[in-house]
Amino acid sequence: MNHRLRASLAVLLAGLVVLSACGDDDDASSSESSGGEPETIHLVGFAVPEAANKAIADEWAKTDDGKDVEFVTSYGASGDQSRAVADGLEADYVHFSVASDVTRLVDEGLVAEDWDQNETNGVVSSSIVVFAVRKGNPKNIETWDDLVEPGVQIVTPNPASSGAARWNALAAYGQVIEGGGTEAEAEEYLTKFFGNVVALPGSGRDATTAFLGGTGDVLMAYENEAILAHQNGEEFDYIIPETTMLIENPGAVLEEATPKASAWLDFVLSEDGQKQFALKGFRPVIEGVEYGEVEGANDPSNPYPPVTNLLTVADDFESWDALSEKFFDEENGIVTKIIAASGKAS
Amino acid sequence: MTASTLTRGRSALSRRPAREGGLTWVSGLGLGITMLWFSLLVLIPLAAVVATAAAGGWDQFWTTVTNEQTLAAIRLTLGGAVLVTMLNVVMGTAIAWVLVRDRFWGKSVLDVLIDIPFALPTVVAGLVLLSLYGAQGPLGVDVANTRAAVFLAFAFVTLPFVVRTVQPVLAELDRDVEEAAASLGASRITTFRRIILPALAPAIAAGAALSFARAVSEYGSLVLLSGNLPFQTEVTSVRILSSIENDNRAGAAAVATVLLLISLLVIIAIDLLQRRLVRRG
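Going down the list, the protein sequences come from chains A and B.
Counting in the numbering used here, the first sequence runs without a single skipped number right up to 346 at its last residue.
Counting in the numbering used here, the second sequence runs without a single skipped number right up to 1281 at its last residue.
Don't read these hints as lab results, they were simulated from the structure.
These figures come from a predicted structure and were not determined experimentally.
Note that CB positions come from ideal geometry on N, CA and C, so glycine has one too.
Certain hints may be false.
[Unchecked claim] Under the rule of at most 16 Å between Cα atoms (straight-line distance), these lysine to aspartate or glutamate pairs were calculated in the EDC-like manner:
(1) A:K135 x A:D237
(2) A:K337 x A:E325
(3) A:K54 x A:D68
(4) A:K275 x A:E293
(5) A:K344 x B:E1068
(6) A:K337 x B:D1115
[To be verified] Examples of chain A residues lying across from chain B (beta carbon under 10 Å, computed):
(7) N121
(8) V155
(9) G163
(10) T182
(11) A341
(12) A345
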């Protein structure tokens, strides 16, 4: 009897020790954040623009506004980062790959409803979908039709697990509509397209790694990734198709952010900020940015040639919410179904 | 004097729980800490997974787990894990045997290298496998984007488990018993079957359960090489990731719950099998 009592006392005691330890931790962290530096910006972003953001921060530090500001940064897969912020990761400014990752924070009440009501509609960096091919383009891939020729092996990140990969699927679908095709013809094209896909890596970075590791003839890539990979010494060519999709990466300041975060966003959208993006391979989101030569581009002196037919979410797909439901719904999305069917067929 | 008191005291201490079925102060504290630690790290998170799955409701649970693509992924993952576990039982025991019983040059190096698959971050393992067994691999073996790639990744990351559980038991095994069996006329196969195997069975089973569990949860080392093709090389972790990306946490938890249940059954089955082996021996 007595011993059972002692045993439960022991459990209780151990519990109290741990709980009080937790309590101490909480106190420590909260007092730290309330008394912390007001000049710190917590930047949470997707992995790709890390180098560019760093370059912009360095430029900003040279101005009166940006000097003495410290950054605490966190980079990772866009969806993961967005979910982390929704679940409590401290953030003042977020930079994601797709708008739906910001919308998630709007739904949580962390970002203002009107976050996209600025000159660039909430977009801070942009790029386009391109084809990365082996050096010298041995399979002579120039157009969307070339991709669905028999025997062409395509690598694209998985639109199911990578939000960013959805740009590729949209580009493939949208270019058929742009060329005067019907929705049925666009679905038929996507079916052939995914029939030629030999690997669906989890993220854009994984897809690039798999492609550079020898998988496939063509990689569905983004222009900025291709340019960055060239800057890092990787050898492959990239082709800008006549019709392609404009990739728009949103950036937003959180509701309870330090006031400095808004100044940072203004700088990111300024000519100086966009110049740094351009040097790292992103197309500027404003007119008239002087960036000179961009190393790693097909033609460094004319790195961002205009695209003949540029598809955008707003013009061609209504909105991210609408297209997410239509194309990527887990059970009934057009792309979800086509990918599943392609797996069963082969 | 002091020593005898101490001995008496200790024996009284150790007799007490046996008599009353209760707990002493020390073992009570031990049990308390164990349960607390276990709850914080395992029970509560697992309960949270099941609760999240339940939050979506029965209909959603059923739709998610009966999705054709998900079922195919579960089949592939479990099938691969079972196969690789059987392979490990044979190969792991053999490797442990060689490491314990044989003497050869470079043995200690091999002994250390066995643990490398543990130490390597799985993504790095994936990169290594891709560069060796991908399209540009120097060995001329290209398993990229096939089921063989999934199996290969499983085999790579689960290699150490059976080796490391069997090795110490085998080292402790009394060779006199084997010699006695041999002198009584038992063949080497009989000796292995009746003497050695029953002694090793619990260790092999423990290694097998670990290796199975590790394979079921594997993600990092295979994503680069497997290609994640639905119905072909897509494993369950990738499906779960897809659900999360679609903000369908209940769906992700549902698949995880099914996987947990099946893994539990398999681990119980391994344990039962091992008990029967020990009894028969």
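We went through each hint and held it up to the structure:
no.	hint	verdict
1	A:K135 x A:D237	5 Å, holds
2	A:K337 x A:E325	13 Å, holds
3	A:K54 x A:D68	15 Å, holds
4	A:K275 x A:E293	11 Å, holds
5	A:K344 x B:E1068	10 Å, holds
6	A:K337 x B:D1115	42 Å, violated
7	N121	23 Å, violated
8	V155	8 Å, holds
9	G163	6 Å, holds
10	T182	26 Å, violated
11	A341	9 Å, holds
12	A345	9 Å, holds
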